[in-house]
Amino acid sequence: MIVPDSGHLALVLLLAAAIDILFGEPPAAVHPVVWIGKLINVLINAAPQTHRKAYGVAMALCCVFFAALLGYSVLYISSIPGIPRVLALLIEAYFLKATFAVNCLLGPAKEIYGHLEANRLDKVRELLPIYVSRNTSKLTRTQMSSAVIESVSENYVDGVLSPIFYYTVFGKLGLVAAYAFKAISTLDSMVGYKTEPYRELGYFSAKSDDVLNWIPARISVLFILAAAFILSLLPKKQGKFSPINSIKSALEDGMKTPSPNSGYPMAATAGALGVKLEKPDTYILGALYPPTEVKDIKRVSQLIAVASGFLLVACAAVIHLAGIYLYP
808 MIVPDSGHLA LVLLLAAAID ILFGEPPAAV HPVVWIGKLI NVLINAAPQT HRKAYGVAMA
868 LCCVFFAALL GYSVLYISSI PGIPRVLALL IEAYFLKATF AVNCLLGPAK EIYGHLEANR
928 LDKVRELLPI YVSRNTSKLT RTQMSSAVIE SVSENYVDGV LSPIFYYTVF GKLGLVAAYA
988 FKAISTLDSM VGYKTEPYRE LGYFSAKSDD VLNWIPARIS VLFILAAAFI LSLLPKKQGK
1048 FSPINSIKSA LEDGMKTPSP NSGYPMAATA GALGVKLEKP DTYILGALYP PTEVKDIKRV
1108 SQLIAVASGF LLVACAAVIH LAGIYLYP
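Every position in the sequence shown, counted from 1, becomes a number in our numbering once 807 is added.
Any given hint might turn out to be false.
Stated by the list, open to error - List time: in silico PhoX-like cross-link candidates among lysine-lysine, alpha-carbon distance up to 20 Å: (1) Lys-1102 with Lys-1047; (2) Lys-945 with Lys-1086; (3) Lys-1083 with Lys-1102; (4) Lys-1105 with Lys-930; (5) Lys-1014 with Lys-1001; (6) Lys-1105 with Lys-1083; (7) Lys-1083 with Lys-1055; (8) Lys-1086 with Lys-1047; (9) Lys-930 with Lys-917; (10) Lys-1014 with Lys-1083; (11) Lys-1014 with Lys-860; (12) Lys-1083 with Lys-1047; (13) Lys-1063 with Lys-917; (14) Lys-1102 with Lys-1086; (15) Lys-1047 with Lys-1063; (16) Lys-1055 with Lys-917; (17) Lys-1086 with Lys-1063; (18) Lys-1047 with Lys-860; (19) Lys-945 with Lys-930; (20) Lys-1083 with Lys-945; (21) Lys-1001 with Lys-1063; (22) Lys-1102 with Lys-930.
Simulated from the structure, these hints should not be mistaken for lab results.
Generate coordinates for the entire structure from the input sequences, incorporating the hints supplied.
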């Protein structure tokens, strides 16, 4: 297998981002993460009634192996002698794009914003359970807005930052690492619950997801801080953004959520926007700020879009510089 250089890897990342922005998610039939999900479904249906925790470990390892093999196969195919460089770039970028989704992250927020603006609260209650794990039947407009902002900021880590982080850290095997992470992330979303029938089956997957997101969740504060700084310099049509309050809230409230990771991007977002985020009977982040308003959904979309841009540029630069100074 021909080993790609750092310039190639950085270009793959930027091209993957362009594909995401221009085209969004590929059809399910040709979406690699959907393939991983189908494998997980097969293994869930084959799960025994006893020794489910041990089976859950084996299931997770099987899915990680499948995903890593998928990533490695893409690298192998794209490096076959005779394949045009442009085609190799497109193949790798397509498969890398499948591991993260900025477009898909912000799209639902825009849809729910439209329904809230039109006061179609029943429609919002119907849509929200897809994105947040809470009872939406009695949520107010403020609580609905908060739920959307929480979801966007939390999923920025799992759905965007973490796969790109592992792609960057693992260099020439970055695509393999991104797919291994995506397998664990998909497992967590499908079986990582503390209720039956997944409590034991998904235990290993949920803990692994916590471990793999631990560093990215904390790094996310820096990108949200940078985004808040840039937005604070622009005309304040939608409201103020505060980089100082972003880092302050992350430090004060980052550990107030049941998850060891989700509190950091959510608290940083609460501070950056200057709003209180609340999951009833579970946590309050930014308690001293005013409650959220519908317009804050637009503001969080701006914040996370800019944070994603910073992430992509920073990671592409790190990949390129690592190739120059670490692997000359």
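**Prompt:** Are the Cα positions of Lys-930 and Lys-917 separated by 20 Å at most?
**Reply:** 14 Å, holds
**Request:** Below or equal to 20 Å on CA atoms is what counts here, so check Lys-1014 against Lys-860.
**Result:** Holds - the C-alpha atoms of Lys-860 and Lys-1014 are around 12 Å apart, at most 20 Å.
**Restraint check for Lys-1055 with Lys-917, where alpha carbons must lie at most 20 Å apart** = Distance of about 28 Å is beyond 20 Å: violated.
**Prompt:** Straight-line Cα separation of Lys-1086 and Lys-1047 no greater than 20 Å?
**Reply:** At roughly 23 Å apart (the allowed maximum being 20 Å), Lys-1047 and Lys-1086 break the hint.
**Prompt:** Taking 20 Å as the top limit, are the C-alpha atoms of Lys-1105 and Lys-930 close enough?
**Reply:** Judged against 20 Å, a Cα distance of about 19 Å means the pair holds.
**Hinted pair Lys-1063 and Lys-917, Cα distance within 20 Å** = Violated, at about 28 Å.
**Item:** Pair hint Lys-1083 and Lys-1055, alpha-carbon separation not exceeding 20 Å
**Value:** Distance of about 14 Å is within 20 Å: holds.
**Asked** Between Lys-1001 and Lys-1063, is the straight-line Cα distance small enough, at 20 Å or below?
**Response** 19 Å, holds
**Message:** Given the hinted pair Lys-1102 and Lys-930, is their Cα-Cα distance within 20 Å?
**Reply:** Within the cut-off at roughly 18 Å; holds.
**Item:** Pair hint Lys-1102 and Lys-1086, alpha-carbon separation not exceeding 20 Å
**Value:** 19 Å, holds
**Prompt:** Does Lys-1083 pair with Lys-1102 here, judged by a C-alpha cut-off of 20 Å?
**Reply:** 14 Å, holds
**Item:** Proposed proximity, Lys-1063 with Lys-1086 (alpha carbon, max 20 Å)
**Value:** 11 Å, holds
In this structure, the hints that do not hold are numbers 8, 10, 13, 15, 16, 18, in rising order.
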